[in-house]
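Using the sequences provided together with the hints, build the complete structure.
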Amino acid sequence: EVQLLESGGNLVQPGGSLRLSCAASGLTFSNYAMNWVRQAPGKGLEWVSAITTTGDTTYYADSVKGRFTISRDTSENTLSLQMNSLRAEDTAVYYCAARRPYYGLDVWGQGTTVTVSS
Amino acid sequence: DIQMAQSPSTLSASVGDRVTITCRASQTIRSYLAWYQQKPGKAPKVLIHKASSLENGVPSRFSGSESGTEFTLTISSLQPDDFGTYYCQQYNSYPHSFGEGTKLEIK
Numbered sequence: 001e002v003q004l005l006e007s008g009g010n011l012v013q014p015g016g017s018l019r020l021s022c023a024a025s026g027l028t029f030s031n032y033a034m035n036w037v038r039q040a041p042g043k044g045l046e047w048v049s050a051i052t053t054t055g056d057t058t059y060y061a062d063s064v065k066g067r068f069t070i071s072r073d074t075s076e077n078t079l080s081l082q083m084n085s086l087r088a089e090d091t092a093v094y095y096c097a098a099r100r101p102y103y104g105l106d107v108w109g110q111g112t113t114v115t116v117s118s
Numbered sequence: 001d002i003q004m005a006q007s008p009s010t011l012s013a014s015v016g017d018r019v020t021i022t023c024r025a026s027q028t029i030r031s032y033l034a035w036y037q038q039k040p041g042k043a044p045k046v047l048i049h050k051a052s053s054l055e056n057g058v059p060s061r062f063s064g065s066e067s068g069t070e071f072t073l074t075i076s077s078l079q080p081d082d083f084g085t086y087y088c089q090q091y092n093s094y095p096h097s098f099g100e101g102t103k104l105e106i107k
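Protein sequence lines, in the order shown, are assigned to chains A and B.
Just so we're aligned: the first sequence equals residues 1 to 118 in my numbering.
Just so we're aligned: the second sequence equals residues 1 to 107 in my numbering.
No wet-lab data here; the hints were simulated from the structure.
Quick reminder that beta carbons are idealized off the backbone N, C-alpha and C, glycines included.
Treat each hint with caution, since some may be false.
Below, a list of computed lysine-lysine pairs in the PhoX-like style, where the Cα atoms sit at most 20 Å apart [to be verified]:
hint : chain 1 : residue 1 : chain 2 : residue 2
1    : B       : K103      : B       : K45
2    : A       : K43       : B       : K50
3    : B       : K39       : B       : K107
4    : A       : K65       : B       : K39
5    : A       : K43       : B       : K103
6    : B       : K45       : A       : K43
7    : B       : K103      : B       : K42
8    : B       : K39       : B       : K103
Sample of chain A residues at the chain B side, in silico, Cβ under 8 Å [as the list claims (entries may be wrong)]:
hint : residue
9    : G26
10   : W47
11   : Y103
Now the stretches of chain B that chain A is said to cover, found in silico as 3 or more residues with beta-carbon under 8 Å [to be verified]:
hint : stretch
12   : 46-60
13   : 68-81
14   : 89-96
Here it is as structure tokens:
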């Protein structure tokens with residue numbers, strides 16, 4: 001079964017840090033560009049970050065650039081998102097999602113919740 | 001950055017109705033557009049990629065089309081299970097922006 005499983009979501013104070021992880025199984029991890037997409041409570045989807053199949057190039061939304069870092073470990077089939085200097089507006093469900101070349105995001109995790117509050 | 005203008009924001013329709021949702025890109029995206037359906041409390045599910053290619057297992061009542069920078073998702077005959085929120089996403093260039101979403105409710 002193809003599966004992405006996120007972990008690491010938690011309650012954190014403004015200015016704090018958190019690291020999200022996503023474990024992939026049932027798919028050829030190296031064939032997929034990996035993404036993080038978030039959804040604030042009651043809001044729409046926001047693309048956050050992506051990393052290429054080889055891991056050599058990363059992309060970020062302006063809202064997180066300089067604060068978040070995406071990385072992947074192909075040997076462990078895992079994706080990570082290091083989030084620093086967290087703000088209240090980063091509060092959201094964070095989804096890990098995988099995309100093959102020319103396709104949409106066709107594999108999604110169940111999401112992990114990040115709450116930034118004092 | 002490319003902006004995706006999606007309309008309408010909400011839609012109420014009856015079973016059997018033909019429903020259309022539109023996304024307009026602020027510049028060319030060369031057909032690199034996907035449509036997703038999201039049910040409450042669940043992760044999104046991709047329906048269509050490359051503007052008009054139906055994903056495996058998605059009912060044939062769903063279809064996608066394009067005309068220049070305008071993209072349309074059509075449900076030919078609405079079924080009760082089609083409620084939810086629909087999003088478009090361009091993946092031609094980063095950031096891979098989403099539309100604002102269309103909440104579809106069944107009358």
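Structure-based check of each hint:
A C-alpha spacing of about 15 Å is found between K103/B and K45/B, which places the hinted pair at or below 20 Å, so the restraint holds. With a CA separation close to 25 Å, the supplied pair K43/A and K50/B exceeds the 20 Å bound. Among the hinted pairs, K39/B with K107/B is consistent with the structure: their alpha-carbon atoms are about 17 Å apart, no more than 20 Å. Taken as a hint, the K65/A and K39/B pair is broken in the structure, with Cα atoms around 29 Å apart against an allowance of 20 Å.
Our distance criterion of 20 Å between C-alpha atoms is met by K43/A and K103/B, whose separation comes to about 11 Å. Distance check on the hinted pair: K45/B and K43/A sit about 17 Å apart at the alpha-carbon level, within 20 Å; holds. Between K103/B and K42/B, the direct Cα distance comes to roughly 14 Å. Compliance with the 20 Å bound is thereby established for this hinted pair. Note on K39/B and K103/B: the hinted pairing holds, with a Cα-Cα distance of about 10 Å set against a maximum of 20 Å.
The interface hint given for G26/A is violated, since its Cβ lies 15 Å from the closest Cβ of chain B, which is over the 8 Å cut-off. Evaluation of the W47/A hint against chain B yields a held restraint, the C-beta minimum of about 5 Å falling below 8 Å. Proximity of Y103/A to chain B holds as hinted, the smallest CB-CB distance being about 5 Å (cut-off 8 Å). Counting residues of the stretch 46-60 of chain B whose C-beta lies closer than 8 Å to any C-beta of chain A gives 5; at least three are required, and the coverage claim holds.
Chain A is given as covering the stretch 68-81 of chain B, and this is violated because 0 residues of the stretch bring a CB closer than 8 Å to a CB of that chain, at least three being needed. Chain A is given as covering the stretch 89-96 of chain B, and this holds because 5 residues of the stretch bring a CB closer than 8 Å to a CB of that chain, at least three being needed.
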